[in-house]
Structures are given as structure tokens and as C-alpha cells.
Amino acid sequence: MLEIKNLVVNYGAIVALHGLSISVPARKIVTLIGANGAGKTTTLKTISGLLKPVSGEILYAGKNIAGLPPHHIVGQGISQAPEGRMIFANLTVLENLQLGAYLQKSRDLVRQEFERTFTLFPRLKERQKQIAGTLSGGEQQMLAIGRALMSRPRLLLLDEPSLGLAPLLVKTIFEKIVEINREQGLTILLVEQNANLALEISHFGYVLETGKVVLEGETRELRQNPKVKSAYLGG
Amino acid sequence: MTEFLQQLINGLAFGSILALIALGYTMVYGILRFINFAHGDVFMIGAFAGFYLAPRVAALVPMPSILGGLIVMAGSMAICAILGILIERIAYRPLRRGTKLAVLITSIGVSLFLEYAGQKFFGAAPRRFPALIPSYSIENIGGLSVSSNQIIVLGVTLALLIVLRFIVQKTKIGTAMRALSFNPEAASLMGINTDVVISFTFGLGSALAAAGGILFAILYPAIDPLMGIMPGLKAFCAAVLGGIGNLPGAALGGVIIGTVEIFVAGSKYSTYRDAIAFAILILILLVKPSGLLGKKDIEKV
Ligand SMILES: Nc1ncnc2c1ncn2[C@@H]1O[C@H](COP(=O)(O)OP(=O)(O)OP(=O)(O)O)[C@@H](O)[C@H]1O
Ligand SMILES: [Mg+2]
Chain A
1 MLEIKNLVVN YGAIVALHGL SISVPARKIV TLIGANGAGK TTTLKTISGL LKPVSGEILY
61 AGKNIAGLPP HHIVGQGISQ APEGRMIFAN LTVLENLQLG AYLQKSRDLV RQEFERTFTL
121 FPRLKERQKQ IAGTLSGGEQ QMLAIGRALM SRPRLLLLDE PSLGLAPLLV KTIFEKIVEI
181 NREQGLTILL VEQNANLALE ISHFGYVLET GKVVLEGETR ELRQNPKVKS AYLGG
Chain B
236 MTEFLQQLIN GLAFGSILAL IALGYTMVYG ILRFINFAHG DVFMIGAFAG FYLAPRVAAL
296 VPMPSILGGL IVMAGSMAIC AILGILIERI AYRPLRRGTK LAVLITSIGV SLFLEYAGQK
356 FFGAAPRRFP ALIPSYSIEN IGGLSVSSNQ IIVLGVTLAL LIVLRFIVQK TKIGTAMRAL
416 SFNPEAASLM GINTDVVISF TFGLGSALAA AGGILFAILY PAIDPLMGIM PGLKAFCAAV
476 LGGIGNLPGA ALGGVIIGTV EIFVAGSKYS TYRDAIAFAI LILILLVKPS GLLGKKDIEK
536 V
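Residue numbers (the working numbering), protein chains in the order written: chain A, 1 to 235; chain B, 236 to 536.
It is possible that some hints are incorrect.
In the BS3-like style, the derived pairs of lysine-lysine whose C-alpha atoms are separated by at most 30 Å in a straight line are [claimed, not checked]:
hint	chain 1	residue 1	chain 2	residue 2
1	B	K407	A	K52
2	A	K125	B	K530
3	A	K171	A	K28
4	A	K28	A	K63
5	A	K52	A	K63
6	A	K229	A	K28
7	B	K405	A	K105
8	B	K405	B	K530
9	B	K405	A	K52
10	A	K125	B	K407
11	A	K125	A	K52
12	B	K335	A	K125
Partner residues are not named here, just some residues of chain B that face chain A (Cβ under 10 Å, in silico) [claimed, not checked]:
hint	residue
13	E238
14	A394
15	V398
16	K407
17	R413
18	F417
19	L424
20	G426
21	N428
22	V431
23	S434
24	D459
25	K530
Note that these hints are calculated values from the structure, not bench results. Using N, Cα and C, we set each Cβ at its ideal position, and we do this for glycine too.
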């Protein structure tokens, strides 16, 4: 579904990705793990069109989408729940979700998406009228994911959904991610620091180090890999 | 007491015009975090657009009339909306990734361009603005003398504020404006074409300035190409007073500064009338830099 080839991305003089190649098959959960600064967020931002690559290709459904503006990328069915959630704290929960469906012209489909999102996260339904900035961290993460789902994506990018959440909440969020993938058949590219959990729920994994893939494979194998074990799974 | 009420009405009428201009400053600031110093000149172009449209409209509908006045105002608002969009497109957008200072200085350049182009094409001497609407003086409501023009200025301003509030709070593009002003990156991840929203914001703010220009010319019917400078600066002070980036704040700030100015103008300190807006600006920057209704963390990192 998504095929990244030799992606190079710079921030001014800093090279953040040097020739990254990954592949995300349809209906699977693929995870990118790696230490701070490895280039995970950079990868997702480049897919979403927030950063323009210096070179390389991002093939999505056979077409190169590298360098397209973000609203075109969303229009093609790729949405992202970004790092740090980036919810619109000044707007209500409802307005945040409506913005997620910004490109959707059909009111019926928007209504359907609201229903689906509220079934997935009943908490958001209770809090619709609340100003999003006053939600708890966990609720904000649900909102960020719910908002990304409102555009009816075919590929969902998740950047550290576990960031700053209590272990119990992390478990809930991850269960939801699995549920979205199983029941809606949605393809997911998951970026995580919490490598243990990420490898548990994903089908494929990539390990990034300083802007390059150093290891890749089915997660079953990666979890047995001694290098992964010592560096990312805490022994 | 009558004297006080009289001045209050005069002040509110003047203040509501400043409010209409201030809204444009604050909207653009809210979205792009820079002060568009050409905004006062868009107000001037609005008045001149009305000046040139009026005889053409008079050929179609009887003038002065409410209908004729509204047509002229709508036409001027449309012209300035396009002008505002073009200014952003041509002068500011190419600098979007540059420094804020570059855009700010460019806006001063655009301002000078509009002023000198105005002098070239409209002439430097003041022109008499035609009567758009029938004007009466309503005397003796408790000794007050209110002109119908003042009531129209207040009524039109109120109506525009309500329309603006509806657009910003209830429509899709308005929600996109609020999202963009909060976090442009997140807004574009929603599929919002930020360029379109920015253009819309410039168009909306410029249309409001044009309405202000028409109303100003109705109250003070001598217009010239430099007429936008002082009201523009005062409206900028009003936007800061209310809390830059905050829409109700800009309206409130405009009304306060306009009213205070008229009171000063009617007192023995009348020579200071043009300084009062800046005195208020300095005061608010010392006492509450975020403005009356502004949030503390309005400046982004
Ligand atoms: N805006 C920026 N300007 C300059 N350098 C940046 C910028 N954003 C990221 N970088 C650099 O690019 C590299 C990759 O950063 P990135 O944010 O992609 O890492 P990450 O894998 O997401 O890390 P984390 O797990 O901490 O979120 C880092 O060295 C970082 O310092
Ligand atoms: Mg990151």
C-alpha cells in the first residue's frame, strides 16, 4: 500500500533521514521503533507532506506522493494523529472531530463517521461540548485518533500514541488500535518508543537508527532478535 | 448629562468604525502572526471605491437611498476583499517562509504604494464624498441631537459584527480559521488548504475595512489618499488594547479608543485627541501587555 524508497530529508544542514526505505502492506500494522532523534517523526511528517524530501520516493497506491501539499495527502486517504496530539485546544471536542472530516462533502458520511468514532470512544461522545484543551491526556489522545479517523483514511499514521499516558490507558489505546485494524481493515503505520507493546500488536517492524533502517522483519522474529532485545526491550 | 450622552453617541459611532478596521489587523495577526500595516490604506481604498461607485449606482437606483447606500457599500467591500487577497498573494505569500520582520517591512512598503498610487490616481486634494443615504438630524430626544447617519453607522457595524461572529463560530471556513490560528501544522493535517484560509481571512478583513471606509466617509465626507493613516494606526492600537488576535477584543478596543478620543476632543485637552490612542496603547502595554481580552500565551514560540 505504501512503499518508501531511499528517502532523504534535511532540516537545513542537518540530515534527518539518509535513504530510508520501508514498506507498509495493506491491512497490516507496521511499526517504526528507534531511539530519540532516530527520525521516526520526520518520516511521518514527510509522508503527510509537512516536510519536502530532498530525494527518494513515497509510492502510495502506485503513485509517487512525495512533496505533495498536506491537504492533497489527506485527500488521498492518509491521515495522521501527530506526536504530542496537536488537538485544537481552543475548540470543542465536536469541532475538533468536524475538522477531521474537513474534506468530506457528504453529510451522511460525516454522520456515519461520528457514529463510528463515538462507538469506538464513548468517552468522546460524553465530552462533545467540552473545550478540547480541558480534556485529560488520555481523552486528548482518543480525540487525536478519533479526529484522524474522521477523514475515513485508508492509511492511518500514529506518532507515539502512548506518550505521557499511564500504563492502563496505554493498554486501552493499543487495544483500540488493534480493534481499528481488525474490524475496519485499516492499514496502520505506528511510531513508538514503547517498543514492547508496539512489537506485540504489529505485524511488521522496522528499527531506525540515525535516519536509516538497521533491522526489519516480522515482529515475531524481531522480538527474538538479541540486538532488539538488549537495545529496545529492556534486556 | 446631555452633553455626556451626546459625546457618548459621537464616540460610539467613531469607535465602531475603528472596531471594523481593528478586526482586520487582529484576524491577520491571529493567523499569520504579523501586523499588516497596509490595512489602514485598504480602508482608504474602500472609501474611494465608494466615491467612484456612487455615481454609477445612482444611474440605476435613486440616490441617496438606503438601497443605494447598501449597494455601494457591498461593491466597495467586494473590491477591497479582492484587493486584500491580491496583496497577500503578491506581496506576503512569497515571504511566508521568511522572517516576520521581512513581511512587516513589506507591509509598510505596500502601505506607501497604496498611498502614493492613491495620490496619483485619485489626486492628493480632498474629495467630497457623495451623499449615499438620506440624512436627518433627530433633535430633542431629551435634548440630544443624533444624526440618522450615526444610527446607521452603529446599526451597520452591529450587523457586520453579528455576521462576522456567525462566520467565525458556525461555518466550516470559520472553524478552519480558528484551527489555523491555533496550530497551522495540525490544521493542514486535517486536509485544510491553509492558503485558501489565509486568502479568505485577508478578504474578510479587507471587506470590513472597506465597510469602515464607507461609514467613515458618510460621517466625515471629505476623503483623501492619506485618510487611512491615522484611523489605521488608531485601529491598530485598538486591536492591541483588546488583545491582538482576539476578535471581540478588537471590537471592544475600537469602541473604547474611539469613545475616549471623542471625549478628549470635546474637552479642553482637544489638541491631544490624536495622541490619546497611543497613550492608551502605551498604558496597556505597561499594565497588561496581552490586552484586555487577550490570553497570556498569544505569542507563539
Ligand atoms: N525542526 C527541526 N529542525 C532541526 N532539526 C530537527 C527538527 N526536527 C527534528 N530535527 C532533528 O532531526 C532528527 C530526527 O528527529 P525526529 O523528530 O524525526 O526524531 P524521532 O525519532 O521522532 O524522535 P523522538 O522519539 O524523540 O520523537 C533529530 O536529530 C532531530 O534533532
Ligand atoms: Mg518523534
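Each hint tested on the structure:
{"no.": "1", "hint": "K407/B / K52/A", "in the structure": "holds (28 Å)"}
{"no.": "2", "hint": "K125/A / K530/B", "in the structure": "holds (28 Å)"}
{"no.": "3", "hint": "K171/A / K28/A", "in the structure": "holds (19 Å)"}
{"no.": "4", "hint": "K28/A / K63/A", "in the structure": "holds (20 Å)"}
{"no.": "5", "hint": "K52/A / K63/A", "in the structure": "holds (16 Å)"}
{"no.": "6", "hint": "K229/A / K28/A", "in the structure": "holds (23 Å)"}
{"no.": "7", "hint": "K405/B / K105/A", "in the structure": "holds (17 Å)"}
{"no.": "8", "hint": "K405/B / K530/B", "in the structure": "holds (22 Å)"}
{"no.": "9", "hint": "K405/B / K52/A", "in the structure": "violated (34 Å)"}
{"no.": "10", "hint": "K125/A / K407/B", "in the structure": "holds (21 Å)"}
{"no.": "11", "hint": "K125/A / K52/A", "in the structure": "violated (37 Å)"}
{"no.": "12", "hint": "K335/B / K125/A", "in the structure": "violated (40 Å)"}
{"no.": "13", "hint": "E238", "in the structure": "violated (43 Å)"}
{"no.": "14", "hint": "A394", "in the structure": "violated (25 Å)"}
{"no.": "15", "hint": "V398", "in the structure": "violated (20 Å)"}
{"no.": "16", "hint": "K407", "in the structure": "holds (7 Å)"}
{"no.": "17", "hint": "R413", "in the structure": "holds (6 Å)"}
{"no.": "18", "hint": "F417", "in the structure": "holds (5 Å)"}
{"no.": "19", "hint": "L424", "in the structure": "holds (5 Å)"}
{"no.": "20", "hint": "G426", "in the structure": "holds (4 Å)"}
{"no.": "21", "hint": "N428", "in the structure": "holds (5 Å)"}
{"no.": "22", "hint": "V431", "in the structure": "holds (9 Å)"}
{"no.": "23", "hint": "S434", "in the structure": "violated (14 Å)"}
{"no.": "24", "hint": "D459", "in the structure": "violated (41 Å)"}
{"no.": "25", "hint": "K530", "in the structure": "holds (9 Å)"}
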